[in-house]
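S.K.: Listed below, chain by chain, are the residues.
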Amino acid sequence: MGKGPSGGRSEIFPPYPKRRCVRPQQFPPTILDEVLNGSRDDEVLLDHAEEQMLGAIHNFFRTPAFAEFRSLGASPEARIECKLSLAGFPVPVTGKIDLAAVSGAHATIVDWKIGGSSDGGTESLQLATYGLWATTEFRTDDQNVRIVKAHLTTKEVVQFNVDLNTFVNARVRILQDLERMVILHRYGKSGVIDAFTPNPQQGVCRLCPFREVCPEGKAAVHA
Amino acid sequence: MLETNLKIVNGGMTVHVPVRYARLEGAHVSSEIAQRTCNLLGSRYQLAARPVPGSENQLIVLSDTRIPGLSIEEENQTVTVEDLGREGAELGLSDEVGKAVLSSLLERALIGGLPHSTNLWRLDSPRKWLERDPFSTRDGIEAYRRFEISGLLVDSVGLAISVDISTAFLASQTLDYYHASGIPSQESKRRQEVFCRLTSRQKGQKGTLVYRVGLTARVCYFEKANPGQTCGLTPEIKVHGVTYRNLHEYYLQRYPEAKIKENEPAVLVSFQGLDVPVWVAARLLSVRVMNESLPDSLTSVDKIDPLSRIRLIDRFWQLVGDNPFGIPAITVLQGYYRPNVERIVSVDLPKLEFANGKILEPPTQRDAHEYKKHYRSRSELLDSVGVYSFPPATNRTIQCAHPNDIPNEAAKQLAGDVARAISKWTKLDFRPNLVPYPSLTDATAKLRSASLAGTVLFVLDENPAAYYDSAFQLQGWRLKRVTRASFRKHYRYLEEGAWDPKKKAMDLRRGGQKWDQYVRMVSLDLLQQMDGVPYRVGSLGAFESQLAIDVGYDRRHIAISLLVARDTALNPNFRIATEVLAKTDHKLETINPTILSDMILQMFHRLFRGKFDPLQSLLVVRDGEFRGQEKTGIYQALLQLKDKGFLALDATTALAELHKTSQKSIRLWERVGDNDVRNPLECHAVIISPNLAALVTTGEATLHQGTAEPMTLVCDGEGESLRRAVEATAIGAQLNWGSPGVAQRLPVVFKRTDEELEVRYSQEIRRIA
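Here the protein sequences come in this chain order: A and B.
If you use our numbering, the first sequence corresponds to residues 63 to 285, in order.
If you use our numbering, the second sequence corresponds to residues 9 to 777, in order.
Among the hints, a few may not be true.
[Stated by the list, open to error] Computed beta-carbon distance windows for the label pairs: (1) B:Arg44 to A:Gly150: 17 to 27 Å; (2) B:Thr449 to A:Met243: 22 to 32 Å; (3) A:Gly150 to B:Cys204: 22 to 32 Å; (4) A:Gln263 to B:Glu766: 25 to 35 Å; (5) B:Asp147 to A:Lys158: 44 to 54 Å; (6) A:Gln263 to B:Pro134: 18 to 28 Å; (7) B:Ser174 to A:Arg248: 36 to 46 Å; (8) B:Asn412 to A:Arg132: 22 to 32 Å; (9) A:Met243 to B:Ala656: 34 to 44 Å.
[Unchecked claim] Anything over 10 Å on all C-beta distances counts as not near chain B; from chain A, calculated: (10) Asn121; (11) Val155; (12) Ser165; (13) Lys175; (14) Ala232; (15) Glu241; (16) Ala257; (17) Ala282.
Since the hints were made in silico from the structure, they are not lab data.
Please read all numbers here as calculations on a predicted model, not as lab measurements.
Think of the CB as a built atom: it goes at the ideal place given N, C-alpha and C, for glycine as much as any other residue.
The whole structure should be built from the sequences, with the hints applied where relevant.
M.R.: This is how it looks when you write it as structure tokens:
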């Protein structure tokens with residue numbers, strides 16, 4: 063295993079145009095949104111991000127708890143940044159998995175985490191969806207799927223316990239979310255913007271990809 | 009004589025209360041900050057305060073002495089409170105500000121004193137206070153009496169305080185018991201099962217908990233418990249800028265009296281207002297047991313008859329003593345408020361029409377015996393005469409899909425009895441068909457191959473995913489879920505009998521009755537799903553139609569229900585329909601006005617087909633408050649309804665709010681003597697103010713235990729609008745199709761929205777793993 067890369071912020075974050083340079087219809091990637099649009103000091107944010115990323119890369123290479131995943135990732139069958147697509151839904155359901163690998167009858171999914179640990183429902187749905195994909199992709203059953211969150215900052219490996227029930231719940235949850243999307247899709251197609259309720263939470267509103275076409279979103283971003 | 013649980017503040021309409029005015033100063037004083045400051049004044053200084061209406065930076069404080077200068081640290085600013093020095097200021101009910109704020113000021117003053125003058129404690133709501141000790145403990149669950157307090161203005165009478173009694177249940181064991189390590193696996197499994205049952209986790213709930221540390225108690229929700237996780241092993245935590253090595257160190261420094269040890273179990277919980285779940289000591293958590301998870305031994309302890317309720321309310325007033333508001337001159341009058349006759353609305357029960365024009369006349373006298381007889385006749389007529397209407401083209405097979413492990417003879421008994429009941433009411437020949445299934449997929453495939461769409465009794469467990477999946481796979485079908493547990497329980501009654509406490513033995517006849525009641529309930533529900541109308545009313549008083557709007561408990565669905573009831577010469581003259589839609593903005597209680605408007609319009613398109621006569625009147629009722637821009641959405645819909653001809657151009661419309669559980673905790677009872685208090689007769693209301701009424705639809709004739717629980721109606725219209733809304737609501741409640749022999753609490757439109765939302769709630773996936 064090689065040494066972790068080193069280098070300054072300029073290598074990791076090449077110069078990015080400030081908000082005033084971005085044309086209105088050109089949206090910055092969400093990952094840099096706080097820097098581009100945030101009211102906080104972007105230098106502090108960038109310094110923090112740099113520090114976190116370097117620490118994460120260092121931990122990735124040096125932490126014994128991650129050795130198994132490094133080795134799995136180095137195997138020829140490993141899928142890294144692998145695109146997934148789930149069948150059996152009325153619309154395409156897609157995603158991207160950090161690492162998926164199969165060893166014998168067992169499939170392992172690794173979700174690398176840089177930020178702090180969280181147990182929010184969204185994360186459970188995301189991981190269960192990966193597991194759902196793995197059962198069909200690797201033709202294995204729920205008992206042979208292992209899903210882990212590998213926290214690069216805290217060097218923790220947290221197993222996400224799954225069973226058949228988890229996958230059934232994930233499938234139904236996706237269908238229930240789709241129900242809501244279908245309702246709004248109709249309005250989106252006919253351009254009825256009033257059917258889209260603005261999110262009262264400023265933080266969420268500011269990260270919405272439709273903020274530039276929504277009066278409330280525009281007001282929040284340009285405040 | 010009709011009496012309420014309201015205590016009137018002395019002085020009536022001429023009451024004058026000493027107040028101080030204070031200025032709030034800060035970089036940006038919002039209404040939230042003003043409210044928070046008022047709460048702080050209450051909890052820290054026992055001062056009742058609220059913002060001056062229309063002015064966020066001025067507060068009115070109930071006090072006859074100068075308010076101390078205060079400085080409050082907010083997230084990005086410092087807010088100061090400064091007395092404005094208006095000596096001798098008073099507020100009365102003759103001015104508009106007094107009318108707007110005095111009831112809530114007195115409510116806050118009363119509540120603010122409770123932690124100091126009593127040993128009551130509270131959980132989430134500031135208005136609900138629990139007695140220190142449980143009044144009953146059975147099967148590992150403690151039952152606490154709870155006082156619900158509210159202030160309101162009774163028009164032309166004065167300020168009033170209502171106190172009502174409710175019951176809260178907490179598990180006796182704290183969470184360290186359920187998540188203990190080092191115990192035999194069999195015992196650990198048993199404890200886990202009990203925990204899951206008490207928290208309803210098998211129904212997809214997270215589990216509501218109470219966290220008690222120091223002097224505070226807060227509601228939180230269970231997330232997870234890792235085996236071996238202790239307070240000493242939790243990650244580093246940061247609270248109010250201070251970093252603690254682990255949870256044990258946090259307790260040691262912040263709450264040493266809790267005596268939390270390093271090796272005590274910790275569990276992960278989420279609190280409202282915190283973005284991420286946090287670890288807390290399991291010993292400081294108790295399960296809050298919801299009514300549906302109670303064992304049989306406790307299901308009736310919250311049913312309190314009127315006289316016992318009065319005694320408990322009396323106890324509260326004794327507890328708070330002679331100076332309940334902290335200002336000796338302000339107290340409450342002896343006895344409870346009795347409204348005069350002009351304020352009482354008695355709605356006559358309507359005529360009901362069954363099959364072939366058979367009419368059931370209303371009772372001739374307003375007395376409980378006559379009313380009881382009348383309700384019983386509804387049930388008898390349905391059995392003998394049959395339903396008012398039933399769609400003739402309905403598929404006559406009732407499918408009964410049941411898991412293979414349910415005995416065939418049990419399923420046959422249920423399906424056969426249900427088919428017979430529906431045949432009796434519709435005078436059509438319905439036949440059962442059993443569909444035993446090894447898996448859900450197998451069941452839905454079999455059913456779909458049997459017919460395009462039909463009616464199915466689906467025996468399922470309480471898993472939300474299974475319920476959703478069966479409904480999703482069988483779109484267009486009328487699906488009635490029968491839970492495996494309730495089916496088994498009732499079939500056992502039929503086979504083995506039910507316990508007779510008098511004979512102290514199992515009784516087959518009693519068991520048979522329980523089974524018959526169960527079959528009747530299932531069949532009546534199925535009959536309604538098949539669009540059968542057991543009986544109808546001629547109109548809803550002054551209205552030809554009523555539209556109910558409701559949002560689910562978890563805000564994930566919106567339901568609307570429309571009832572048309574009018575002269576038979578008109579088309580349509582009697583029809584009811586309900587629609588449910590997933591709510592796209594479930595973080596908010598308010599309904600998006602565009603979506604609401606479209607839902608209403610689509611509902612009319614569905615109900616008014618072919619040639620129709622426009623409606624001359626419509627009452628639109630929102631469950632709870634109209635929020636955000638909802639009224640705009642309704643007005644948009646009304647314009648379009650008129651434009652499309654569904655509603656006459658000169659139609660009378662009214663908007664009202666129905667609070668199913670009385671927002672102000674109002675109760676009504678009939679005072680016969682000092683020790684003789686009964687429930688009021690069904691369909692009585694008290695007008696509290698020109699736009700607020702309390703209505704009871706269940707009462708003395710059919711309530712066997714407990715006290716009638718009024719709903720409150722708010723109607724902004726002029727003149728008789730409120731009384732008309734009360735009448736329409738009371739008549740709507742007479743369509744008690746789910747249980748014809750007894751009065752129904754909710755008008756049928758809200759019964760329908762409630763049921764549909766309950767179905768969706770039972771199908772919703774709230775946690776994945």
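S.K.: A separate judgement is required for each hint: does it hold in the structure or not?
M.R.: Outcome of the hint check:
Restraint check, B:Arg44 to A:Gly150: a C-beta distance of roughly 49 Å breaks the suggested window 17 to 27 Å. Checked against the given bound of 22 to 32 Å, the beta carbons of B:Thr449 and A:Met243, roughly 25 Å apart, stay inside it. Distance hint check: the CB atoms of A:Gly150 and B:Cys204 are about 30 Å apart, consistent with the given range 22 to 32 Å. A hinted range of 25 to 35 Å for the beta carbons of A:Gln263 and B:Glu766 is consistent with their spacing of about 29 Å.
Distance hint check for B:Asp147 and A:Lys158: the Cβ-Cβ separation is about 50 Å, which falls inside the suggested range of 44 to 54 Å. Under the hint 18 to 28 Å, the C-beta atoms of A:Gln263 and B:Pro134, about 24 Å apart, fit the expected range. For the pair B:Ser174 and A:Arg248, the supplied restraint of 36 to 46 Å holds, since their beta-carbon distance comes to about 43 Å. Between B:Asn412 and A:Arg132 the C-beta distance comes to about 48 Å, which lies outside the given range of 22 to 32 Å.
Restraint check, A:Met243 to B:Ala656: a C-beta distance of roughly 38 Å satisfies the suggested window 34 to 44 Å. Against the 10 Å criterion, A:Asn121 stays outside the reach of chain B, whose nearest CB is about 16 Å from its own CB. Distance check for A:Val155 against chain B: the nearest CB is about 15 Å away, which clears 10 Å, and the non-interface claim stands. Under the 10 Å C-beta cut-off, the non-interface status given to A:Ser165 relative to chain B holds; the minimum distance is some 23 Å.
The claim that A:Lys175 is not at the interface with chain B holds, since no C-beta of that chain comes within 10 Å of its own (minimum 13 Å). Look at A:Ala232: its CB is around 6 Å from the nearest CB on chain B, not clear of 10 Å, so calling it non-interface is violated. The beta carbon of A:Glu241 sits about 4 Å from the closest Cβ of chain B, which is not more than 10 Å, so the claim that it is off the interface is violated. Some Cβ of chain B comes within 10 Å of the Cβ of A:Ala257; the nearest lies about 4 Å off, and the non-interface call is violated.
Even its closest Cβ contact with chain B, about 16 Å, leaves A:Ala282 beyond 10 Å, as expected for a residue assigned away from the interface.
In terms of the numbered hints stated before, the structure departs from hints 1, 8, 14, 15, 16, listed from lowest to highest.
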